Amino acid sequence: DTAVSQTPKYLVTQMGNDKSIKCEQNLGHDTMYWYKQDSKKFLKIMFSYNNKELIINETVPNRFSPKSPDKAHLNLHINSLELGDSAVYFCASSQGGFAGSNYGYTFGSGTRLTVV
Amino acid sequence: RKEVEQDPGPFNVPEGATVAFNCTYSNSASQSFFWYRQDCRKEPKLLMSVYSSGNEDGRFTAQLNRASQYISLLIRDSKLSDSATYLCVVTNTGGFKTIFGAGTRLFVKA
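Chains as they are written, first to last, in this note's numbering: chain A, 1 to 116; chain B, 117 to 226.
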């Protein structure tokens, strides 16, 4: 019944590795997002896809590559992980145009990434 | 100036108290406004949208002042379960971009 589910919940990996985080939503929303929440708790948007089309690509290292096979899925692949990539990554979805319009986002439970 | 600014707190209040949070935003063309709640080590959850005329949901009242570019959240009769971080969220016109404030931490004590 989970509306926005992301896996894995925890990810501990060594510097230099490549890893992926998966996200799926069953709400029928047409827009999905990746957000990063760092140790200071700031939530910053990384990417946004609307109907499988990339519409926001913030200043993010090109080691981060999103992929949306369909509008219910948005995955995040990270190459050559660095210590500074350690953070919580949230997937989110919304309906109705820009950034949640009046309905807001539904977030996944987050993936806590620790790079050692 | 940050695009969305909040008092980080923490606010420590006793049960039953009334507490208010303010949030200012810098882009006068901002179009949609929200309050989210985030519990420790959990995802943010939408608390309420903020409408120009102000709106209320039970013990929670949200207001928007476009002229002064701030939004507020009032919590009446605080409960222990209200302890969380409250995030002010602003969406800018013309895009899919949403800015989250850094959050205001609230502790409600018995």
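Hints are computed from structural coordinates only; laboratory data are not their basis. Some hints could be false.
Stated by the list, open to error - With a straight-line Cα cutoff of 30 Å, these simulated DSS-like cross-link-like pairs (lysine-lysine) come out:
hint, chain 1, residue 1, chain 2, residue 2
1, A, Lys-71, A, Lys-22
2, A, Lys-71, B, Lys-161
3, A, Lys-22, B, Lys-195
4, B, Lys-225, A, Lys-52
Unchecked claim - Covered stretches of chain A (in silico footprint by chain B; criterion: 3 or more residues with CB under 8 Å from a CB of chain B, positions within the stretch not fixed):
hint, stretch
5, 10-23
6, 64-75
To be verified - The following residues of chain B were derived to be distant from chain A, with all beta-carbon distances above 10 Å:
hint, residue
7, Arg-117
8, Phe-127
9, Pro-130
10, Gly-132
11, Ala-145
12, Phe-150
13, Lys-161
14, Phe-176
15, Leu-196
16, Ser-197
17, Leu-203
18, Val-205
19, Ala-218
20, Gly-219
Small disclaimer: the values here were computed from a predicted structure and weren't measured. Beta carbons are placed, not taken as given, at the ideal position from N, Cα and C, and that holds for glycine.
Earlier hints that do not hold, by number: 3, 4, 5, 6, 12, 13, 17, 18, 19, 20
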